[in-house]
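Construct the entire structure; sequences and hints are all you get.
2 protein chains.
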Amino acid sequence: MNEKGDDCNASASEADLLSALAAVVGKQFVLNSDEMRAKHSADTIPYRKICAAVVYPSTVSEVRKILQVAADFHAQVWPFSRGNNWGYGAKSALEDDAIIMILERMNRIIEVNEELAYAVIEPGVSQQQLSDYLRENNIKLWMDCTDSTPNGSVLGNAVERGYGYTSYGDHFDCICGLEVVLPDGSVVKTGGEHAEAKTWNTFKWGSGPYFEGLFSQSNLGIVVKGGIWLMPEPECFNVFSFEIDSDANLAPVIDSLRDLSLEGAIQCHTHMVNDFQMMTLLRQYPYELLDGASYLSEQARSNLRAQYQIPLWSLIGGLYGSKEVVQANRARIKKVLLRYGSLEFFDEKKIDFAKKFIQFAQSAKKGSIAAIVSNLFKPLISVKPLEVMRLLPEISGILKGIPNESILTSAYIKSKNPPPSSNLNPAEDGCGIMWLAPALPASGVEAQKLLEITKPLYKKHGFDFSACFTLMNSRTFFFLLGIFFDQENIDEKTRAFALFNDLADTTKAAGYKPYRLGINSMDKFLEEVPELGTFFARIKSVVDPTNVLAPGKYVNRNS
Amino acid sequence: MNEKGDDCNASASEADLLSALAAVVGKQFVLNSDEMRAKHSADTIPYRKICAAVVYPSTVSEVRKILQVAADFHAQVWPFSRGNNWGYGAKSALEDDAIIMILERMNRIIEVNEELAYAVIEPGVSQQQLSDYLRENNIKLWMDCTDSTPNGSVLGNAVERGYGYTSYGDHFDCICGLEVVLPDGSVVKTGGEHAEAKTWNTFKWGSGPYFEGLFSQSNLGIVVKGGIWLMPEPECFNVFSFEIDSDANLAPVIDSLRDLSLEGAIQCHTHMVNDFQMMTLLRQYPYELLDGASYLSEQARSNLRAQYQIPLWSLIGGLYGSKEVVQANRARIKKVLLRYGSLEFFDEKKIDFAKKFIQFAQSAKKGSIAAIVSNLFKPLISVKPLEVMRLLPEISGILKGIPNESILTSAYIKSKNPPPSSNLNPAEDGCGIMWLAPALPASGVEAQKLLEITKPLYKKHGFDFSACFTLMNSRTFFFLLGIFFDQENIDEKTRAFALFNDLADTTKAAGYKPYRLGINSMDKFLEEVPELGTFFARIKSVVDPTNVLAPGKYVNRNS
Numbered sequence: 023m024n025e026k027g028d029d030c031n032a033s034a035s036e037a038d039l040l041s042a043l044a045a046v047v048g049k050q051f052v053l054n055s056d057e058m059r060a061k062h063s064a065d066t067i068p069y070r071k072i073c074a075a076v077v078y079p080s081t082v083s084e085v086r087k088i089l090q091v092a093a094d095f096h097a098q099v100w101p102f103s104r105g106n107n108w109g110y111g112a113k114s115a116l117e118d119d120a121i122i123m124i125l126e127r128m129n130r131i132i133e134v135n136e137e138l139a140y141a142v143i144e145p146g147v148s149q150q151q152l153s154d155y156l157r158e159n160n161i162k163l164w165m166d167c168t169d170s171t172p173n174g175s176v177l178g179n180a181v182e183r184g185y186g187y188t189s190y191g192d193h194f195d196c197i198c199g200l201e202v203v204l205p206d207g208s209v210v211k212t213g214g215e216h217a218e219a220k221t222w223n224t225f226k227w228g229s230g231p232y233f234e235g236l237f238s239q240s241n242l243g244i245v246v247k248g249g250i251w252l253m254p255e256p257e258c259f260n261v262f263s264f265e266i267d268s269d270a271n272l273a274p275v276i277d278s279l280r281d282l283s284l285e286g287a288i289q290c291h292t293h294m295v296n297d298f299q300m301m302t303l304l305r306q307y308p309y310e311l312l313d314g315a316s317y318l319s320e321q322a323r324s325n326l327r328a329q330y331q332i333p334l335w336s337l338i339g340g341l342y343g344s345k346e347v348v349q350a351n352r353a354r355i356k357k358v359l360l361r362y363g364s365l366e367f368f369d370e371k372k373i374d375f376a377k378k379f380i381q382f383a384q385s386a387k388k389g390s391i392a393a394i395v396s397n398l399f400k401p402l403i404s405v406k407p408l409e410v411m412r413l414l415p416e417i418s419g420i421l422k423g424i425p426n427e428s429i430l431t432s433a434y435i436k437s438k439n440p441p442p443s444s445n446l447n448p449a450e451d452g453c454g455i456m457w458l459a460p461a462l463p464a465s466g467v468e469a470q471k472l473l474e475i476t477k478p479l480y481k482k483h484g485f486d487f488s489a490c491f492t493l494m495n496s497r498t499f500f501f502l503l504g505i506f507f508d509q510e511n512i513d514e515k516t517r518a519f520a521l522f523n524d525l526a527d528t529t530k531a532a533g534y535k536p537y538r539l540g541i542n543s544m545d546k547f548l549e550e551v552p553e554l555g556t557f558f559a560r561i562k563s564v565v566d567p568t569n570v571l572a573p574g575k576y577v578n579r580n581s
Numbered sequence: 023m024n025e026k027g028d029d030c031n032a033s034a035s036e037a038d039l040l041s042a043l044a045a046v047v048g049k050q051f052v053l054n055s056d057e058m059r060a061k062h063s064a065d066t067i068p069y070r071k072i073c074a075a076v077v078y079p080s081t082v083s084e085v086r087k088i089l090q091v092a093a094d095f096h097a098q099v100w101p102f103s104r105g106n107n108w109g110y111g112a113k114s115a116l117e118d119d120a121i122i123m124i125l126e127r128m129n130r131i132i133e134v135n136e137e138l139a140y141a142v143i144e145p146g147v148s149q150q151q152l153s154d155y156l157r158e159n160n161i162k163l164w165m166d167c168t169d170s171t172p173n174g175s176v177l178g179n180a181v182e183r184g185y186g187y188t189s190y191g192d193h194f195d196c197i198c199g200l201e202v203v204l205p206d207g208s209v210v211k212t213g214g215e216h217a218e219a220k221t222w223n224t225f226k227w228g229s230g231p232y233f234e235g236l237f238s239q240s241n242l243g244i245v246v247k248g249g250i251w252l253m254p255e256p257e258c259f260n261v262f263s264f265e266i267d268s269d270a271n272l273a274p275v276i277d278s279l280r281d282l283s284l285e286g287a288i289q290c291h292t293h294m295v296n297d298f299q300m301m302t303l304l305r306q307y308p309y310e311l312l313d314g315a316s317y318l319s320e321q322a323r324s325n326l327r328a329q330y331q332i333p334l335w336s337l338i339g340g341l342y343g344s345k346e347v348v349q350a351n352r353a354r355i356k357k358v359l360l361r362y363g364s365l366e367f368f369d370e371k372k373i374d375f376a377k378k379f380i381q382f383a384q385s386a387k388k389g390s391i392a393a394i395v396s397n398l399f400k401p402l403i404s405v406k407p408l409e410v411m412r413l414l415p416e417i418s419g420i421l422k423g424i425p426n427e428s429i430l431t432s433a434y435i436k437s438k439n440p441p442p443s444s445n446l447n448p449a450e451d452g453c454g455i456m457w458l459a460p461a462l463p464a465s466g467v468e469a470q471k472l473l474e475i476t477k478p479l480y481k482k483h484g485f486d487f488s489a490c491f492t493l494m495n496s497r498t499f500f501f502l503l504g505i506f507f508d509q510e511n512i513d514e515k516t517r518a519f520a521l522f523n524d525l526a527d528t529t530k531a532a533g534y535k536p537y538r539l540g541i542n543s544m545d546k547f548l549e550e551v552p553e554l555g556t557f558f559a560r561i562k563s564v565v566d567p568t569n570v571l572a573p574g575k576y577v578n579r580n581s
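Chains as they are written, first to last, in my numbering: chain A, 23 to 581; chain B, 23 to 581.
To be clear, the hints were calculated from the coordinates, so they are not data collected in a lab.
Careful: at least some of the hints might be erroneous.
Treat identical chains as interchangeable: a pair holds within one or across any two.
Capping the alpha-carbon separation at 25 Å, the derived lysine to any residue pairs in SDA-like fashion look like this [as the list claims (entries may be wrong)]:
# : residue 1 : residue 2
1 : 247       : 329
2 : 247       : 531
3 : 211       : 551
4 : 211       : 532
5 : 345       : 357
6 : 247       : 551
7 : 162       : 353
As structure tokens, this is what we get:
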């Protein structure tokens, strides 16, 4: 609790707070054992603030009442849709003793409009839930999902401006119409709309000031309902993969992707990972190759690339549209990219065949006839080992908006044990990862420069360089830098933080701003633009006069 | 000036205010003669508030100083980029005695980035200026323009959320990176960016709360610089026109346009005008056909349609992309739309030929051999009369982002004199028009309903029904209702207002909100959502504590 002791309620005990919360939601929906408080403070970043309690409202009315209770007790409320934004803070507040409010019980799918291609959902709706709902009800709409956990919140990710893979991959861009509980308990709908406005979920700007963005990456309100646009099932879906084996080709490829995106031949959010990032998907960390160092030598990396048949950079993307348009765009992509690497297209038949073959090969007993047959035919399908081949159908699922855990396994690369077979939870399972994702203009020169200023820092701090270029819009890439470390290795943990700070400072000084901040970086937000800090602080002061809502999450009250 | 007499400066004379303004910008850039004050208060809506003075700053510093002068004198400042939003208020404040600030001298094109396809410009840059700049410098980028005056501000239109015709036709959506002077004179850049952020003009959301929209359709700041995305010149450009001759086909066509847009076959903002709206482009008002009424009979309209060979509804749109994609989309559009009306495609050769033919035919003297030749060959090119044919090259220009006055002429339909040959200014020329554009979900049922509730109101108030359905995004149309009237006819002027209010109330009650408000409708904004009014009022109170900036423009200070 902040500002203790300046009010008549200051003497109220923690027990009183818990009772008050229990009176709102029921005792079973307030957690405050030491175990639960620790569990809900865990993230893959070693940033630990222990909360006062975890509370699970099920209605807008309960959300409002919890805010009132918190204000009465001078406590902070930190709301999370489902709390799985691992590597950025998960369910962590900036300070100890906050009330962590988790909205996962508010998980109604309120409407799916197939004709107009949108859904209206509550923040507790998970990626898996929405995906299942669409398929079970035979609704010909595809959602866009992240490559993180299927248990993650659709709306939470969108409001924090996460991204996926399809042409609907800019999740905040696909938000249309939010209902928000303000810190004082009042409820507003974005769009300047009256209650019955028919375009609440079809026209983002509404009338008057467009202010939906105020509730994105901020602490100005709690999103309790939202519209999100979905993709009508396309007539044709293809996947393309592209491999480049020389850093010298990186810049022209980035330029080409931009041009293909600007002209519309690529409409998805292509992901291009480097060799190490790819390896995190394939196996546990090869400690045996370290030879006394804390990261792999160039030679060891090269050997691993040869072993798994993976290139320096691997790109994957999807094509969506009529058969003719997909065909035309395939030809265009081929014409532009082929000179820089190897390119392959997969239609749904080919993907399905690969999937079946992998299942057959994986289930074949060593030495059996099935194994011999699969070994015989495998080269006809792909030169890649099975553990690489299996990524195709899995990532193809994500490219169709069907969430799965295939990419999430990478979080476990430095864990003692391999990832569990399902329900991955890297935070609770003690995985160590931090992310930094600076945005860059979609230009080869910029990509090259970012590579040059970041890669040496990994070496300096003793880590394996791990990176992904994601095409975010036709004019912008995100450069997702991952730091994988062993949470039980104190030295490595310390070095991971040092690397993170070095990367953050270096990229920022060069003009590349991260698209989103982790809880450990909030204090540096706007440090260079105090006039903007003042502007936000003023808004915060009137929207949240008691400073009850997630103080310091992007927006500070005093600046 | 508002709140007179409550301060030490209250006794300051108007002369003192003018001197203070002149001290900032120079005497020649402060206008305050009766003639100038009247001229700058004119619009095509008969809403007249006479300003105290018109001031033309040329720098950000001057903008800031003018705000300070206004605050000192308790005057209001109403900023306009170029002030040509005719039919919505033009350069009019809500009250008399405001300082009208026109930013047309701030007209620098600061940067055009051809690779990343954007421009950074000041608010004084006109459509014509940007269009000329791109062509004169051989920059392979197309802007999107409105069909209003080439003298209009690019940035001003975008900030007020105007729209055009191409796939970049949602102008606010194409804004990326604004620099804004706040009412207290401080300057902020949107995007949560530090001064040197490289993605200021490529990535809209930046980091932290996205708040660019706060300066759109509002009174919270003065936009003094902005990035706007441009379209790389496509390999192939086609125009398509589509005509339907039965209201019964309207609903399925609206549904089809939505589906074609959702699947990506149509990416432009198609405009579909009714017969009367089309007639406003062709001629002065046919008073001779009125037969005592104040609007045309069904028979008269039918005769005019036959005379000009125009249908009930005429749609026009553009196709942009590689040759193959344009070809595929043509086939798709044909397959879907052909059953409902007649469809025609024009490539650039065909458009160019039509343009040359029209020039030849128009310049041919009556009875000359040239006239005989053109009459002979005309049917091979089009069955339409020349005055309809000429619209093709003119609107094709707009579909390529080259502004012209061909549509703007419609404003003069009820004027005594036909439109001048150039430099049209309907406000100063005394034309009478009001616009109301409710947004509707992209659904045939909704379009039908809007038609049914609005069309009879025109009859009731004695006006010709004039409407246009514009595809605004894949899920939303705007229904632009025009009221054309004779400003010198007091009865008609009164009825025009009555019709406007009736249309506004009726559409709103049915759940259709206008995408933008005219100065005469500001008092009704948010009347049904007081909680949102309170939210905005709070923000206004801290962002503009002296209430100096355009009080009541969308946002009220007290609500």
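Any hints this thing doesn't respect? Which numbers, in order? Failing hint: just 1.
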